[in-house]
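2 protein chains.
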Amino acid sequence: MRTILEKVFLEGRNFLSELESYQFFKTLGLDVPHHELIPDSVWLRGRLGSIAKEYPSRVVLKIASPDIHHKTEIGGVAIVENKPDVISGAFDAITTRARAAMPKARIDGVLLMEFVEIEHELLVSLLDDPTFGHVLSVGKGGTLTEIFKDIAMRPAPMAREKIEEMLKSLKTYPTLKGYRGAKGMDLTKAAEAISKIATLARVDGRSPLGRFEIAELEINPFVITPSGRVLPIDSILRFREAREIPLIYLSPIATSIHELFHPKSIAVVGASDAVDKMGGSILKSLIDSRATKVFPVNPKRDELMGLKAYHSVCNIPEPVDLAVLAVPANQTLAVIKECAKMKARTAIIISGGFGETGEEGKKVEAQMLEAARNAGMRLVGPNCMGVYFEPTKFSTFFLSPEKTEIPRREVNNFTVLSQSGAISVQLVELIRNVGIRAIVSYGNMIDISVSDLMAYFNEDEGTDVIGLYIEGLPNGQRFLNAARRTTKPTLILKGGKSHAGSAATVSHTGAIAGDYDIASAMFEAAGLVEARTLEEFADFAKAFAFLKGRVPAGRRVAVISNAGGLGVLAADATEGTCLQMAAYESATVESIGGETRDYMHISNPTDLGPGVSDEGFVKAAAHVLDDANVDSLVVIPGIQPRAMNAEAVVDGIIKLYARYQKPMVVSITPTENRRGLIDRLESARIAHYDTPERAVKALAAYVGYHTTRQGK
Amino acid sequence: MRTILEKVFLEGRNFLSELESYQFFKTLGLDVPHHELIPDSVWLRGRLGSIAKEYPSRVVLKIASPDIHHKTEIGGVAIVENKPDVISGAFDAITTRARAAMPKARIDGVLLMEFVEIEHELLVSLLDDPTFGHVLSVGKGGTLTEIFKDIAMRPAPMAREKIEEMLKSLKTYPTLKGYRGAKGMDLTKAAEAISKIATLARVDGRSPLGRFEIAELEINPFVITPSGRVLPIDSILRFREAREIPLIYLSPIATSIHELFHPKSIAVVGASDAVDKMGGSILKSLIDSRATKVFPVNPKRDELMGLKAYHSVCNIPEPVDLAVLAVPANQTLAVIKECAKMKARTAIIISGGFGETGEEGKKVEAQMLEAARNAGMRLVGPNCMGVYFEPTKFSTFFLSPEKTEIPRREVNNFTVLSQSGAISVQLVELIRNVGIRAIVSYGNMIDISVSDLMAYFNEDEGTDVIGLYIEGLPNGQRFLNAARRTTKPTLILKGGKSHAGSAATVSHTGAIAGDYDIASAMFEAAGLVEARTLEEFADFAKAFAFLKGRVPAGRRVAVISNAGGLGVLAADATEGTCLQMAAYESATVESIGGETRDYMHISNPTDLGPGVSDEGFVKAAAHVLDDANVDSLVVIPGIQPRAMNAEAVVDGIIKLYARYQKPMVVSITPTENRRGLIDRLESARIAHYDTPERAVKALAAYVGYHTTRQGK
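Protein sequence lines correspond, in order, to chains P and R. Using our numbering, the letters of the first sequence correspond one by one to residues 53 to 764. Using our numbering, the letters of the second sequence correspond one by one to residues 53 to 764.
Okay, chain P solo, but in the shape it has when bound (with noise of 0.2 Å):
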């Protein structure tokens, strides 16, 4: 394959002509349609006889020429019949046709290819996308596939049972496996000859093809014929020169970063005793979080808030082991010179106005990286809020006064690891009974990414579940890598959804998915779990939290309620997730009656009706507990009528949590005065939300999570 490569490079192409991609696919071990090239007329008489008998019934003869795109356009393809006078009559036709159209083209001569038919058709690419390197695509072939954008992803290479399950994966799968009586594919066929395909996608950064790597290939169709061949028939093959890969930065991260989370001291630069400043809110933080020993650095001050003040780093007589930057981005890396000089072991930077703005910002990252990096100092930001860390007391973060701190639990086991400060605060807000772990907000990541904390916090003893907000990955490869090794939980919420590809890319596979749809579907086949929006983040994180421990038998689920509506909205919002209602023994729906009126037909979602007291709706949810068919609860005791106490509910429900292992999620009608027996309920790690909906979408996440590692 190289040779191919290698001679088209040196004419000065990017690209594979339609003979040379056959030579290339067969090269790679792939069945290509019996072709030839027919220089000129003179050969193809002394070939005539053979032609008749080594081809089928029909042949297609097409222009050969690299300068000639269109060829249909300009009459340069027929599909005719094998005989010899009518190939040679559409020889002269054709040849006659492109030196009239374009006389200036090279032209080669005719290819000569047997007529393929067609039974199915694929759509197959290996694009390199610039955040995750080469992706895998496989669709049905045909423009509904790309109206409706049916295709699977996911990083390549890959084995051929992972791509017979991307192919599985396709909503138009019937129409592969053969529907309504039509054939199917054999699919482990197709995979076989996907995989090759994959094969060229580079390994740990290094490509197969060598000095060349592949920029885009796309495969439409790749066409399975009657007899059961698996043939690429036209194709797109753009590649380049292997890129150099970054040289990546070898430090002990884990060291490190452990570190940052447990400074003996701390240096502020840019400290003030105005709280509206980022340095005075910064140096206030941290001096009510008791955590450590704190130098505030102003040039113009020798006291701040009652501690002595530095008019530099170089002036602190003692060891700095984390510097904390809140100056203005124009002197921001003359002290981190000053820092790294004082041999800070880190050193976050709060201040903007670096990378995100242009190039000149990128220049002053790569200086002040630069700079850490040969004193050794490992770098937070800039352009973030940095670090909590519940065990040590430990914040930076900037916040109002209105902002009330980060409340701490019995159980804080959740870690937010977050590009935007703004994001994990409010994801906190909106989770307040959830015990935080730790929060970062990394913003730019110069040098401690993403990547790097979520390997850490995975080795993280307090850390149960991980919470990550991206907008830009530096390196998505290195980003999966650290992803699929995580052995905990991780939830993801991806700003900047644009769907407009940002690649660019000739081929169709661009044009069906764009920018977030590829990270979306890198992320899954990472393992991570994929929240919408920021409600729903937050509703996830919560689930997971608090059901830490609890793994569901399967994905039946009971939805019990004593307002009717609501369990039915419940049951409703099960459509389109993993989770499957689960149909009641007998013996459940007997014991449940007796809970309740006569008249209430039991059934699930179980409507308990208006009139059961607290005691029986207590009950009811204990049979349905009980049940071997159930495998997790949603309980709504709605509204509550004056028949039902609030607080007998509440605490009978948390009486069950602590007696069943099942999963289980709760909403109350969230009135103002109930807020306390909602915070009770969170305090004893149950789940609440406001609409039964929310409840079973988080419900459902926790439960495909779980069911899908067991392979369920």
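Keep in mind the hints are simulated off the structure, nothing from the lab. This one's a predicted model, so the numbers in the text were calculated from it and none came from an experiment. Don't take each hint at face value.
Unchecked claim - With a straight-line cut-off of 25 Å between C-alpha atoms, the simulated SDA-like cross-links for lysine to any residue are:
(1) 707/R to 681/R
(2) 105/P to 161/P
(3) 389/R to 355/R
(4) 220/P to 200/R
(5) 214/R to 199/P
(6) 329/R to 667/P
(7) 223/P to 568/R
What the hints assert, rightly or not - With the C-beta cut set under 7 Å, the calculated list includes, among others, these residues of chain R facing chain P:
(8) 478
(9) 548
(10) 587
(11) 615
(12) 621
Just so you know, even glycine gets a beta-carbon here, dropped at the ideal spot from N, CA and C.
Position chain R against the provided structure of chain P, taking the given hints into account.
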């Protein structure tokens, strides 16, 4: 057409043969493939010469028999060249094979027809939905339509222009109008043909087919040929005797509903002094509201809650405008009869245990209705919570003490009509700052229906926005009529979203569109705004109630925040909605730049950065509102770092809202101690949402409603 159906009906069939369907379609004015029935070979011999002239080069022969359904399987179909000997041979072969395969079948001969070339295919159907009556569906033909469920549905009959709109609304429309060089179809001609099918639908309950009506008609495919003919090819047509149309009770609806909300006296039947019982709870609500004279009725009590009690409705010495029944189901009919005897004007039956439990309950419902109608009394319920009406302070809702009262606001312009009482209460809780005009929990609606109530509140001066929750509809066509006549924004949430089709259909359309899909399409066609979840319902209600009167000039939206991430999420949320991100005028960019740090790059979404002051933030928002390219605004003063005073921002936003008429919504990070601030915003009738995405979705629903109405 009637003659054809009459003949088939007399033969004991309810479906047409292929030949009959061509005759039927021809009578309807459609073009059909050229065809004729050849009864036997002698006849054929006499026609062969003419066939060669009258038919194109290829013809199709099909065995004609009402008893043979799978013609292809028994070799009963042939496509042959239009040559006398070939046709003769095919005729003999087909009849021989058919006789051999099914010796007892009645064979009418062979259907000869022209072979039709296919350029485009459509799926067209007219189904008789049990709720909504005749529904016309159109889609692209082929299996993928079934997989992607890409069909448009509207209530039939309908004009050609509307059918063109339906075709244009398909996702596959690009392939119909000509995609990537393929030839498009003549849309008007296709729609013209489809509109003839639509004329078969009932109008005002009357079938155009006299004593018959279409049960199910599906043409698949409806073919467009290369020469532009539009031909039905394969079809299913099932018909039946027209059903009797239930008489609609024609009382002066508006008057009796008016009295329901303005009763001068109320009897509470089943009253008690136990507030944990429905009767006691309702009695207490009514006494507390002090709205009207109350007569408790309880056979065992002479006094209740300080009021004289009566042993029976019959003992009440004054006229009763409204009776509220909270007695067990088995006593309800007797009480209704007593109320009828006492000439009560209206009754609300709170109790459940009727139609929702089965046939027995439905019988009792019919008896109650009869008793009421004979006395000219109107009924609400059963199985409901009754009525809340703000102007008369009148409520029959039975709620627990923890459930706070339905709050009254300065403006109370939102009316809730809900089949489920619990959902109406939860909805009101979710939008506590929205003033509620009325709530009607209408339950099984054996008499007064959601359609009556919708019509009534459309005329009610105090109601600006109506919210509907429905599960089932007894008369979908009447509901759609009422919905189409509504001039006020009307939101709808449908409970019971199962996609399984309940109509017994044999066609593909039935497999594609479930009950919910049909209902959803009908709601859209009637101009209702559908919410998909209870939260969306609440969010939309808030936007419509607060934004009332602010008509957007277009779909261009601006997003302004002091936290990039939150603005990004808001912009992401516009994707898939009607909203488009506005492009600012250059003057706006300059003015905003003046309010922020110089490194912030000003675009839309606009990030003012964490350093912006409250004053700067509000000024920047004003610049955006001044921009002629901006039609509406999402304001996100995010987490508020110390540089920004939250109260000052809120006050500033309130002033902007008064000054500008452009629709605006707000999202502030909802911290515990900001609830007061959020209430302050909402007291100024500014819709606030806990996350940016919810703010955008609600605004989009509002803008979509208005721009669609304006035809923008």
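Comparing the hints with the structure gives:
1. 707/R to 681/R: Since the Cα atoms of residue 707/R and residue 681/R sit roughly 21 Å apart, the hinted pair holds (cutoff 25 Å).
2. 105/P to 161/P: holds, 21 Å
3. 389/R to 355/R: Judged against 25 Å, a Cα distance of about 24 Å means the pair holds.
4. 220/P to 200/R: Distance of about 16 Å is within 25 Å: holds.
5. 214/R to 199/P: holds, 23 Å
6. 329/R to 667/P: The hint holds at about 15 Å.
7. 223/P to 568/R: It holds: about 21 Å lies between the C-alpha atoms, which stays within 25 Å.
8. 478: The hint holds - residue 478/R has a Cβ within 7 Å of chain P, the shortest such distance being about 4 Å.
9. 548: Hint holds; residue 548/R Cβ to chain P Cβ min 6 Å, cut 7 Å.
10. 587: holds, 5 Å
11. 615: With a closest approach of 3 Å, the residue 615/R hint holds.
12. 621: holds, 6 Å
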